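Q: Here is how the chains run, residue by residue.
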Amino acid sequence: MSDTLYYKSASELAALLEKKEISAVELIQSIINRTKAVDERVGAFNSFDEVDAIAQAGASDARRSDGQSLGPLDGIPIGIKDVLAVTGQPLTCSSKMLEKFVSPYDATCIEKLKASGAVLWGRLNMDEFAMGSSTENSATKVCSNPWNLDHVPGGSSGGSAAAVAAGEAIVSLGSDTGGSIRQPASHCGVVGLKPTYGRVSRYGLAAFASSLDQVGPMGRSVTDVAMVLQAISGHDDRDSTSFKSEVADYVKALSDNAGKKWTLGLPKEYFDTASDAASMEPVLKAIEFYKSIGCEVKEVSLPHTEYAVATYYIVATAEASSNLARYDGVRYTHRAENYDDHIDLYFQSRAEGFGSEVKRRIMLGTYVLSSGYYDAYYLKAQKVRTLIRNDFMKAYEEVDALIAPTSPQPAFKKGEKTSDPLSMYLSDIYTISANLAGIPAMSIPCGFSADGLPIGLQILGKPFMEEELLSVGHAFEQAHDFTNQHPKL
Amino acid sequence: MSDKPKIDIDYISNLARVALSEEEKAAYSKDLSSILGYVEKLNELDTDGIEPMAHPYPVYNVWREDKVESKMSPEKAMENAPASRQNMVIVPKVVE
Amino acid sequence: MEYEAVIGLEVHVQVKADSKIFARCGAGFGHGPNELADPVVLGLPGALPVMNKKALDGIIKAGLALGCTIPDVSKWDRKNYFYPDSPNNYQITQYDQPICDGGEVEIELPGASRNIMGEHRKVKLTRIHLENDVGKLTHFSSDSLVDYNRAGTSLMEIVSEPDMHSGEEAFAFLTSIRQIMVYCGISDCDMEKGQMRADANISVRPKGQKALGERIELKNLNSITGVKNGIEYEIRRQTSELKKGRTITQATWRWDAELGVTEEMRKKENAHDYRYFPDPDLMPVRVDDEWRNRLRAEIPELPYEKQRRYFEEFDLPYTITSVIVPDRELAEYFEEAANLAPKKAQAIGNLVVNDLLREVSEVGIALSESKIRPPHILSLVEVVEKGTITKNIAKEVFVEMFKSGETAEEVIERKGLKPDFDDSQVKTWCEEAIAENPKPVESFKAGNDKALNSLKGQVMKKSRGKANPQLVDGIIRDLLA
Chain A
507 MSDTLYYKSA SELAALLEKK EISAVELIQS IINRTKAVDE RVGAFNSFDE VDAIAQAGAS
567 DARRSDGQSL GPLDGIPIGI KDVLAVTGQP LTCSSKMLEK FVSPYDATCI EKLKASGAVL
627 WGRLNMDEFA MGSSTENSAT KVCSNPWNLD HVPGGSSGGS AAAVAAGEAI VSLGSDTGGS
687 IRQPASHCGV VGLKPTYGRV SRYGLAAFAS SLDQVGPMGR SVTDVAMVLQ AISGHDDRDS
747 TSFKSEVADY VKALSDNAGK KWTLGLPKEY FDTASDAASM EPVLKAIEFY KSIGCEVKEV
807 SLPHTEYAVA TYYIVATAEA SSNLARYDGV RYTHRAENYD DHIDLYFQSR AEGFGSEVKR
867 RIMLGTYVLS SGYYDAYYLK AQKVRTLIRN DFMKAYEEVD ALIAPTSPQP AFKKGEKTSD
927 PLSMYLSDIY TISANLAGIP AMSIPCGFSA DGLPIGLQIL GKPFMEEELL SVGHAFEQAH
987 DFTNQHPKL
Chain B
648 MSDKPKIDID YISNLARVAL SEEEKAAYSK DLSSILGYVE KLNELDTDGI EPMAHPYPVY
708 NVWREDKVES KMSPEKAMEN APASRQNMVI VPKVVE
Chain C
10 MEYEAVIGLE VHVQVKADSK IFARCGAGFG HGPNELADPV VLGLPGALPV MNKKALDGII
70 KAGLALGCTI PDVSKWDRKN YFYPDSPNNY QITQYDQPIC DGGEVEIELP GASRNIMGEH
130 RKVKLTRIHL ENDVGKLTHF SSDSLVDYNR AGTSLMEIVS EPDMHSGEEA FAFLTSIRQI
190 MVYCGISDCD MEKGQMRADA NISVRPKGQK ALGERIELKN LNSITGVKNG IEYEIRRQTS
250 ELKKGRTITQ ATWRWDAELG VTEEMRKKEN AHDYRYFPDP DLMPVRVDDE WRNRLRAEIP
310 ELPYEKQRRY FEEFDLPYTI TSVIVPDREL AEYFEEAANL APKKAQAIGN LVVNDLLREV
370 SEVGIALSES KIRPPHILSL VEVVEKGTIT KNIAKEVFVE MFKSGETAEE VIERKGLKPD
430 FDDSQVKTWC EEAIAENPKP VESFKAGNDK ALNSLKGQVM KKSRGKANPQ LVDGIIRDLL
490 A
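Protein chains in written order, with the working numbering: chain A, 507 to 995; chain B, 648 to 743; chain C, 10 to 490.
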């Protein structure tokens, strides 16, 4: 039985564990075997600690046999993006800069997962410091799309998406600053949710852009994602931006909201653009589906959408230039061997430790904050950000959620865009606005391209109403069969 | 701001404390000016009187009481240090 | 040509708190290297700041004590620069919306002599803001070591207007700030522990000229005296440069206290480009009247207000107030006794300033540990006034009281210091003294009043020091009249 466990859903596995039909050790063993079998090709993991994972699973089994199970996630293997701090585990952010760094502390979401009994499994590959849309900026290793190894998995949480798609983890955690959960989820045919800004603590998430970053779950079904979101959500007094807002019972909401006839908005700006026509088709079909179940679907406008990418690249890089200043060769990072003096130590360590995209963004962010440019760039972008948020708030007066594509095209081939950073940035066009507005958004699989690459449907929701967002996605998922379609590896 | 902004890449690399090769300087100058050229778009918008958005959901006075609730041994604090002595980080001699 | 100096000070004061400004680990002085660190202090990946309420209370209280406006909203900004003592390579500070705006500090200049109070004036403040302190570098021959214990300590920066003109004023300014901070319990302001540090901006201009001269930023002023000496030296240096027809170029200089000179540290290249921007990790601060009023109520009477009241209420001389007032605990001690008998305040003040402080410092204990409490002081003043014992014996009694914690009466009783003779015995001794000392008697009769002292001395000797000197004086005068 353990041969096929790795493709079961978390909810199914929870039931099997509960009934003691399987053990958590068996389950993690299945995941370990699968990972060993496929990860040389997929490259989803920067590292994993087999012994530690088996020990965690053993502890879970012991709890369960004592009748002390911590809940549905107890014993479920969850892959962790290598951007979250786990005590005693490497935290590399896929950067040479943190190659040897071992975290002495737990991120809050990790503490919460531990409290739920989940088995923390491995360190998942990503674009260096979460900067990128293809995981090609990883300094650790190449990560491939399980559906077609010549293609990228998307990014920056490419490893988190690929691992789940390839059965190397049941669920995973990613982080999303401009689409880094949703876009790889879409490219790898899995579900990925970026919660409302402030819903999940950022404490222990190595910051890229503090006002945009959110930790979020990825999985093969909406229910699995809801289970993980449940475990990691809630106010944290170690993160000043964490919001004091009730956390609903997300899994229960899925059944409570079944059959609900939502009012859904189609932001016209997301359908006007030069999206690849073939990849729009499944999205349009999904819209028809919602109409068919009685949802009201209407066109809405988010007029400032065309300014989102420009706004994002100012805000995100400015914050990043400051956030990444701490990686300096002094206290815990890579230190260059050769330097002239204490100032040159910075120059050389940072030149060696950072990859080219990270340097590019640090340069851009430093520039937009530098003397004389603050008002023209950063302040201007912060104001436009207000306009972008206002667009959403206005749309939400009329609709419960918005439906849109996640990405303008399916996963592209490796190396296809690396030479043109601006075109890479523009591929984030549909996902960036949710981060700027701070609203929750999710990508669910809704079809395949002609050459068999997954396509995602994006659902954007009201602030702190993840239960609605999940329910809208769940309705689609229940009527389709994407959850059980897996790449051939 | 209608002209393409002039990028003083040496000035920026100095502020950011990142050494760049001549090729990188050329490449980043080009990239930055292309991105900044694109960003000019924002000037189409009149943002007079619009509040800048510093936080998605701003609330005031998020604080904690003055209690000592965390501790780390000096050895632990130095565990990842590239060079340390007597529980302190070694850096090249800092001269002012 | 006459020149005048213009001085502005930037004073950093650590706000007293158990934990750091944005981290939950302990704050303090005298710990082993890096014992006060945690992920936030070290700036580890993923660590986030959360502000310490006590630091906010401290700065608002300081602002209210110094007459600042406390705006409704203030916010946090990042000041970006690389330095090994700064873990994040940015300092969390307040750029354009500080917690305190404006304000002023009353200072007292030195008088013509130590016994005479000098002029009082008010020095204007620009602002006070809050920020995190940085770590500490120790330099060795081939490298430097970094200790982050101090990093993240709550630090206020009090910025004055260019409103002072001499080293003495700067000295008085710092003294006043220190007294007020200590009075309010905001900081101990121990400069040796780095709890208070000052940088000065100094320029010199021809008298009468409106525009300020080129400014030198003077650093490394590590003691209040250092501030005075450094500034005075720098004013002399700049003035002499200008007199020689040379110009001053903006730069940062440092004071070398050992050599007693200032020296150039670095030229002012292009102004630093700190790339300030609002810190996205922290939420803004909103202060309402309820908060302001609560803290205002906690501010005690400030030193110079107290001094004025002591002049009026107790008619104390400056020689006493200048010792008592700067020390809040001592002032409260004095006042407790003085309030029991306001008319005896001067005598109480004298005992406090002379006997009490002497004993406390000789034994090396804190005032709070002293067994003599304010009512004891009053008991001693009363027995002296009643003439039960002489002032000389009172000194002896005080030492005993200090040791045992007894009242004056108890000591007098126990040690038998009360006169064991009556007034008629004193009269007899006086008659004897007159009979035995014809010379001073003659001299007194010839109009030399001082000659009486020798006669009095004889009587005191006979009484083993116990006779009441006023009584002796009266009797002798009567007998010689």
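Calculated from the structure, these hints are not laboratory results.
Predicted model only: the values in this text are computed from it and were never measured.
Idealized CB from N, CA, C, for every residue including glycine.
Errors might be hidden in some of the hints.
Each computed DMTMM-like pair below joins lysine to aspartate or glutamate, with the alpha-carbon atoms no more than 20 Å apart [unchecked claim]:
#, chain 1, residue 1, chain 2, residue 2
1, A, K900, B, E698
2, B, K723, A, D743
3, B, K688, A, E775
4, B, K688, A, D743
5, B, K740, A, D743
6, C, K63, B, E716
7, C, K62, C, D94
8, A, K923, B, E712
9, C, K202, C, D27
10, A, K606, B, E698
11, C, K459, C, D431
12, B, K714, A, D850
13, C, K88, C, D208
14, C, K84, B, E698
15, B, K740, C, D81
16, C, K63, B, E712
17, C, K352, C, E322
18, B, K677, A, D926
19, B, K672, A, D762
20, C, K412, C, D458
21, C, K84, A, D847
22, C, K228, C, D208
23, B, K740, C, D431
24, B, K672, A, E775
25, B, K740, A, E812
26, C, K253, C, E267
27, C, K465, C, E415
From the derived model, a few chain A residues whose C-beta atoms are all more than 12 Å from chain B [unchecked claim]:
#, residue
28, A645
29, R744
30, D745
31, K766
32, H840
33, E858
34, R866
35, A882
36, V890
37, F982
38, H986
39, D987
Q: Does each hint hold? Answer for all of them.
A: Results of checking the hints against the structure:
Distance check on the hinted pair: K900 of chain A and E698 of chain B sit about 17 Å apart at the alpha-carbon level, within 20 Å; holds. Note on K723 of chain B and D743 of chain A: the hinted pairing is violated, with a Cα-Cα distance of about 24 Å set against a maximum of 20 Å. Restraint check for K688 of chain B and E775 of chain A: the C-alpha separation of about 16 Å stays at or below 20 Å, so the hint holds. As the CA atoms of K688 of chain B and D743 of chain A are separated by approximately 39 Å, the hinted pair breaks the 20 Å bound.
As the CA atoms of K740 of chain B and D743 of chain A are separated by approximately 39 Å, the hinted pair breaks the 20 Å bound. For the given pair, K63 of chain C sits about 15 Å from E716 of chain B by alpha-carbon distance, which is consistent with the 20 Å threshold. For a cut-off of 20 Å, the pair hint linking K62 of chain C to D94 of chain C is broken: about 25 Å separates their Cα positions. Distance restraint check for K923 of chain A and E712 of chain B: the Cα-Cα separation of roughly 50 Å exceeds the 20 Å cut-off, and the hinted pair is therefore not satisfied.
Annotation: proposed proximity of K202 of chain C to D27 of chain C holds, straight-line Cα distance about 16 Å (limit 20 Å). Of the pairs offered as hints, the one joining K606 of chain A and E698 of chain B is violated, with about 43 Å between alpha carbons and a cut-off of 20 Å exceeded. Between the alpha carbons of K459 of chain C and D431 of chain C the distance comes to roughly 26 Å, so the proposed pair goes past 20 Å and is violated. Between the alpha carbons of K714 of chain B and D850 of chain A the distance comes to roughly 39 Å, so the proposed pair goes past 20 Å and is violated.
Of the pairs offered as hints, the one joining K88 of chain C and D208 of chain C holds, with about 18 Å between alpha carbons and a cut-off of 20 Å not exceeded. Restraint check for K84 of chain C and E698 of chain B: the C-alpha separation of about 15 Å stays at or below 20 Å, so the hint holds. Restraint check for K740 of chain B and D81 of chain C: the C-alpha separation of about 44 Å exceeds 20 Å, so the hint is violated. Between K63 of chain C and E712 of chain B the CA atoms are separated by roughly 7 Å; this keeps the pair inside 20 Å, and the hint holds.
As the CA atoms of K352 of chain C and E322 of chain C are separated by approximately 9 Å, the hinted pair is consistent with the 20 Å bound. Restraint check: the Cα-Cα separation between K677 of chain B and D926 of chain A comes to about 11 Å, which is no more than 20 Å; the hinted pair holds. The suggested pairing of K672 of chain B with D762 of chain A is violated, with an alpha-carbon distance near 57 Å, which exceeds 20 Å. For the given pair, K412 of chain C sits about 40 Å from D458 of chain C by alpha-carbon distance, which is inconsistent with the 20 Å threshold.
Distance hint between K84 of chain C and D847 of chain A is unfulfilled; the C-alpha atoms sit about 36 Å from each other, more than 20 Å. The suggested pairing of K228 of chain C with D208 of chain C holds, with an alpha-carbon distance near 5 Å, which does not exceed 20 Å. A threshold of 20 Å between alpha carbons decides the hint, and for K740 of chain B with D431 of chain C the separation of about 81 Å lies outside it, so the pair is violated. Our distance criterion of 20 Å between C-alpha atoms is broken by K672 of chain B and E775 of chain A, whose separation comes to about 36 Å.
Distance check on the hinted pair: K740 of chain B and E812 of chain A sit about 50 Å apart at the alpha-carbon level, beyond 20 Å; violated. A threshold of 20 Å between alpha carbons decides the hint, and for K253 of chain C with E267 of chain C the separation of about 27 Å lies outside it, so the pair is violated. Restraint check for K465 of chain C and E415 of chain C: the C-alpha separation of about 31 Å exceeds 20 Å, so the hint is violated. Against the 12 Å criterion, A645 of chain A stays outside the reach of chain B, whose nearest CB is about 15 Å from its own CB.
Its closest Cβ contact with chain B, about 9 Å, brings R744 of chain A to no more than 12 Å, contrary to its assignment away from the interface. The Cβ of D745 of chain A sits about 9 Å from the closest Cβ of chain B, inside the 12 Å cut-off, so the non-interface label is violated. Separation of K766 of chain A from chain B is adequate, the least Cβ-Cβ distance of about 26 Å exceeding the 12 Å criterion. At roughly 7 Å from the closest C-beta of chain B, the C-beta of H840 of chain A falls inside 12 Å, breaking its exclusion from the interface.
The beta carbon of E858 of chain A sits about 9 Å from the closest Cβ of chain B, which is not more than 12 Å, so the claim that it is off the interface is violated. A cut-off of 12 Å between C-beta atoms contradicts the statement that R866 of chain A is not in contact with chain B; the least separation is 6 Å. Distance to chain B contradicts A882 of chain A as a non-interface residue, since its nearest Cβ pair spans about 6 Å, not more than 12 Å. The claim that V890 of chain A is not at the interface with chain B is violated, since a C-beta of that chain comes within 12 Å of its own (minimum 6 Å).
At roughly 27 Å, the least C-beta separation between F982 of chain A and chain B is larger than 12 Å, which holds for a residue marked as non-interface. At the 12 Å boundary, the C-beta of H986 of chain A stays outside the reach of chain B, the nearest C-beta of that chain being 32 Å off. Here D987 of chain A stays apart from chain B, with its beta-carbon at least about 36 Å from theirs, past the 12 Å limit.
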